[in-house]
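K.L.:
Residue numbers for the sequence shown follow our numbering, so the first one is 49 and each next one is one higher.
Do not take every clue at face value.
[Claimed, not checked] With a Cα cut of at most 30 Å, we get these calculated BS3-like pairs of lysine-lysine:
#1 Lys58 with Lys159
#2 Lys122 with Lys109
#3 Lys92 with Lys107
#4 Lys212 with Lys122
#5 Lys159 with Lys227
#6 Lys227 with Lys122
#7 Lys158 with Lys121
#8 Lys158 with Lys58
[As the list claims (entries may be wrong)] Just the calculated beta-carbon pair ranges, DEER-fashion:
#9 Ile190 with Leu84: 27 to 33 Å
#10 Lys102 with Ala141: 21 to 27 Å
#11 Leu84 with Arg270: 34 to 40 Å
#12 Glu246 with Ala141: 33 to 39 Å
#13 Asn59 with Thr271: 22 to 28 Å
#14 Asn67 with Val231: 33 to 39 Å
None of these hints come from the bench; they were simulated from the model. The C-beta atom is built at its ideal place from N, Cα and C for all residues, glycine as well.
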Amino acid sequence: IVGHSVDIDKNCQRVLCSNEDGALHVFPDLLQLLTLDARVAVLKVMDTSSLELKPLIAKYKAMPKMPQPDDIKKVINQLGSTLLDKLMARMDAFENLFVEQATCCKHHSKKCDVFPAALLQTDSERVAQVTGVAKLTDPLLIYMAGTSCQDWSSMSQVLSLAGKTVLPFAVELQLIRRKRPHVYFHECTRNFRASILEKFLPGYRVHSMIQRPTERGFPIQRTRRYTACIRLDMELVRPIEEIKILDR
């Protein structure tokens, strides 16, 4: 069961809402999931960092693509990594980071619970039948997310963590760290560094691969990076190396 989805793109929201087998709840912005104090705090971090990053990024984008200006790109990358560190540290300071009450849901055109109790009613009996393993004592939680390609695509000059999408990515990481799903699937362009997930998600085995979506029947030509983060206390039915889709 897909409990809820978050997507800021209006076209994606429309598709999610129109799919009968899709998400039960569709929230338009990850920032909605943060408490007001936390939201203000992270936006201040973004505003402060943009004073240093904006002129550098503008200068970098104005330069010819060939040859690549490696010196300024390295500075931008370093500042981007520092920005993510600051965002994570700022959110770590909040004991209660996420709202537990209702907020705007595009699917129902009203306020809905952000973390519905129904999400905890996972059919672990059915999981046991499919996998052959014992019934789970805890609900099986699986999170799936794709980090925006906007700042990781080579067509956008690969700003990576220095772009605006670093903020929703940081919120996404906090969701994983605090909700501790059993499995977290992540998708982005091939330029995304899976080592970032290893750094910020202790307690997970991180397995990453690059693959063409056409090999799985999706009409997308550009290669993508798919990463599976599996909680260390999960017992796998077979060694991860034998699961073909996770071959590097």
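K.L.:
The structure should be examined with respect to each hint, and the outcome stated for every one.
P.N.:
Comparing the hints with the structure gives:
Between Lys58 and Lys159 the CA atoms are separated by roughly 18 Å; this keeps the pair inside 30 Å, and the hint holds. The suggested pairing of Lys122 with Lys109 holds, with an alpha-carbon distance near 14 Å, which does not exceed 30 Å. Restraint check for Lys92 and Lys107: the C-alpha separation of about 24 Å stays at or below 30 Å, so the hint holds. With a C-alpha separation of about 18 Å, the suggested pair Lys212 and Lys122 falls inside the 30 Å cut-off, and the hint holds.
A hinted pair counts as satisfied when its Cα atoms are at most 30 Å apart, and Lys159 with Lys227 qualifies at roughly 21 Å. Between Lys227 and Lys122 the CA atoms are separated by roughly 34 Å; this puts the pair beyond 30 Å, and the hint is violated. At most 30 Å may separate the alpha-carbon atoms for a hinted pair to count; Lys158 and Lys121 exceed this at roughly 44 Å. The suggested pairing of Lys158 with Lys58 holds, with an alpha-carbon distance near 17 Å, which does not exceed 30 Å.
At about 29 Å, the CB distance of Ile190 to Leu84 agrees with the hint of 27 to 33 Å. A hinted range of 21 to 27 Å holds for the C-beta pair Lys102 and Ala141, which are about 26 Å apart. With their beta carbons about 39 Å apart, Leu84 and Arg270 fall inside the hinted range of 34 to 40 Å. Against the hinted window of 33 to 39 Å, the Cβ-Cβ separation of Glu246 and Ala141 comes to about 23 Å, which falls outside the hint.
Checking the proposed 22 to 28 Å range against Asn59 and Thr271 shows it holds: the Cβ atoms sit about 23 Å from each other. Taking the beta carbon of each, Asn67 and Val231 are about 22 Å apart, not inside 33 to 39 Å as hinted.
Going through the hint list in order, the structure does not satisfy hints 6, 7, 12 and 14.
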